[in-house]
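Engineer: Here is what each chain is made of, one letter per residue.
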Amino acid sequence: NAGVTQTPKFRVLKTGQSMTLLCAQDMNHEYMYWYRQDPGMGLRLIHYSVGEGTTAKGEVPDGYNVSRLKKQNFLLGLESAAPSQTSVYFCASSYLVGTNYGYTFGSGTRLTVV
Amino acid sequence: RKEVEQDPGPFNVPEGATVAFNCTYSNSASQSFFWYRQDCRKEPKLLMSVYSSGNEDGRFTAQLNRASQYISLLIRDSKLSDSATYLCVVNPLGSYIPTFGRGTSLIVHP
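Chains as they are written, first to last, in this note's numbering: chain A, 679 to 792; chain B, 230 to 339.
Treat the hints with care, as some may be off.
[Said to hold, decoys possible] Calculated pairs, DSSO-like style, for lysine-lysine (alpha carbon to alpha carbon, straight line, at most 27 Å):
hint, chain 1, residue 1, chain 2, residue 2
1, A, K749, B, K274
2, B, K274, A, K748
3, A, K692, A, K735
4, B, K271, B, K231
5, A, K687, A, K735
6, A, K687, B, K271
7, A, K749, B, K271
8, A, K687, A, K749
9, B, K271, A, K735
10, A, K749, A, K735
11, B, K271, A, K692
12, A, K687, B, K274
13, B, K231, A, K735
14, B, K274, A, K735
No lab work stands behind these hints: they were computed from the structure.
Taking the hints into account, I'd like the entire structure generated from these sequences.
Structural biologist: Listed below in structure tokens is the structure:
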């Protein structure tokens, strides 16, 4: 049981390049989230999904797009990378909100934009 | 006022010490509560859920005080391996979005 898998683990992009981060979960979770974590800022929600085919904006959505075509996958896209998007990105999933199941995180993607 | 507030620390304690962290939340309708542990450059991992009656898992005890709107984490007999950042997480009732605190840093030294 792999849990939540994020690919890639590391990436260096040039300003203006695009990329897609993949999050895959094998726990049949309904809810999936993308966060970024910067020093001193804590986890900030970028986008989230409450089910297959649905997505919604979080706290810091600008510059990012997402898709959830399959229940197990949640993709985060950067169309035109900027240095301000240098961060560690975490994907998380949850079976139900408001229960004691909690959230399972992937191991993160460390992205540097130069 | 931030929705979830934690003292960032760091709390610097010797091995064997008892240390406690608090986390306050502003939404009185919050429904479920968790403590997560995050090691440097790693993902957050669930440490324990926090139940209304309080709960214990080995050296760790979590408490919820709904009247004063805070949760607490007590660590007894601290180990070097307990050094990490501890995040509190609050689920507002009816919301899909958990609220994370920024974390409290714990350093346990020999």
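Engineer: Decide, hint by hint, whether the structure agrees.
Structural biologist: Cross-check of the supplied hints:
no. : hint               : in the structure
1   : A:K749 with B:K274 : 22 Å, holds
2   : B:K274 with A:K748 : 25 Å, holds
3   : A:K692 with A:K735 : 25 Å, holds
4   : B:K271 with B:K231 : 25 Å, holds
5   : A:K687 with A:K735 : 24 Å, holds
6   : A:K687 with B:K271 : 11 Å, holds
7   : A:K749 with B:K271 : 25 Å, holds
8   : A:K687 with A:K749 : 22 Å, holds
9   : B:K271 with A:K735 : 25 Å, holds
10  : A:K749 with A:K735 : 18 Å, holds
11  : B:K271 with A:K692 : 25 Å, holds
12  : A:K687 with B:K274 : 18 Å, holds
13  : B:K231 with A:K735 : 20 Å, holds
14  : B:K274 with A:K735 : 24 Å, holds
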